[in-house]
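Q: These protein sequence lines map, in sequence, to chains P and Z.
Take 1 as the starting number for the first sequence in the numbering used here and just add one per residue.
Take 1001 as the starting number for the second sequence in the numbering used here and just add one per residue.
Please note that the accuracy of each hint is not assured.
Said to hold, decoys possible - SDA-like, lysine to any residue: derived pairs with alpha carbons at most 20 Å apart:
| hint | chain 1 | residue 1 | chain 2 | residue 2 |
| --- | --- | --- | --- | --- |
| 1 | P | K55 | Z | T1128 |
| 2 | P | K52 | Z | R1013 |
| 3 | P | K70 | P | R12 |
Note that these hints are calculated values from the structure, not bench results.
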Amino acid sequence: MSGDNERYEQLREIIAEVLEIETDELTDTGDFAEEYQADSLRAIEILARIDKEFKVEIPQSELPELRNLKATYDAVARHAGWQD
Amino acid sequence: MNAAEIRAALPQRHPLLLVDRVTSLEPGVAIETVKAITATEPCYAHLGDDATVEDYAYPASLLIESFGQSAALLWLDGSAPSHRLTDDALLLFVGAREYTVEGRAYPGDVVRHVVRLERVVADTAFATGESWAGERRIATVGSLIAARRPRATVAEPAPGPTGTGADRTIPANTSAQGGRHVR
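The shape of chain P in the complex, shown without the other chains:
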């Protein structure tokens, strides 16, 4: 579990950096677009950063799913084959 937690927090840091907010401002379910004024380019950047940091490729078609931290983590975990 601690490994999952660590990855979750790493993802929080990555996304907070892209959204240009503090990590403690980024909640699990806060909507990137509505809560943090992210546009479509930010979502693309998050996807690219996940690829770079976790070596996990999320297909472009799943961009709309990357709407909050939890949903993004679930997408990464699914493509990485991480166990719950």
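With chain P held as given, fit chain Z onto it using these hints.
A: For chain Z alone, coordinates are given in the frame of chain P:
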């Protein structure tokens, strides 16, 4: 790739076409370009007789633009012919992250950009690399982001600064192409 070929591949024009020559190209992977800096650059036109050598330090904004154009040459050359830049598409500088200025270039220097293409997602390219003046590394680029968008979907640039103010992000309004106003 010579000046004429570069001009054919990029939409930028004098005085903002900031790549002189491509010295090596591995399509879709890496590129090396050079930009020679002279005292006749337009950015020095306003300098008076009392200008110091530091006043001749080549501006970081133009160095980033030159790096970005190098990245665009790499990206567009690696695209399928149908994906090359057309009149219907605009090339946008989205931003740069973890851009570190380590030194300066001066008139007489030949700046060499070493650029690697990391990822292309949804017509948005991510590049990384360094800029050198001779044996001196003058900048490292964590991530430079550029986007190609249909002209019709890009709004006119809004007046005033559009940067969001984070320290490590270069505001997109430094771009000659007008910043990130993609709908």
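Q: Hint by hint, say whether it matches the structure.
A: Each hint, compared with the structure:
{"no.": "1", "hint": "P/K55 / Z/T1128", "verdict": "17 Å, holds"}
{"no.": "2", "hint": "P/K52 / Z/R1013", "verdict": "33 Å, violated"}
{"no.": "3", "hint": "P/K70 / P/R12", "verdict": "9 Å, holds"}
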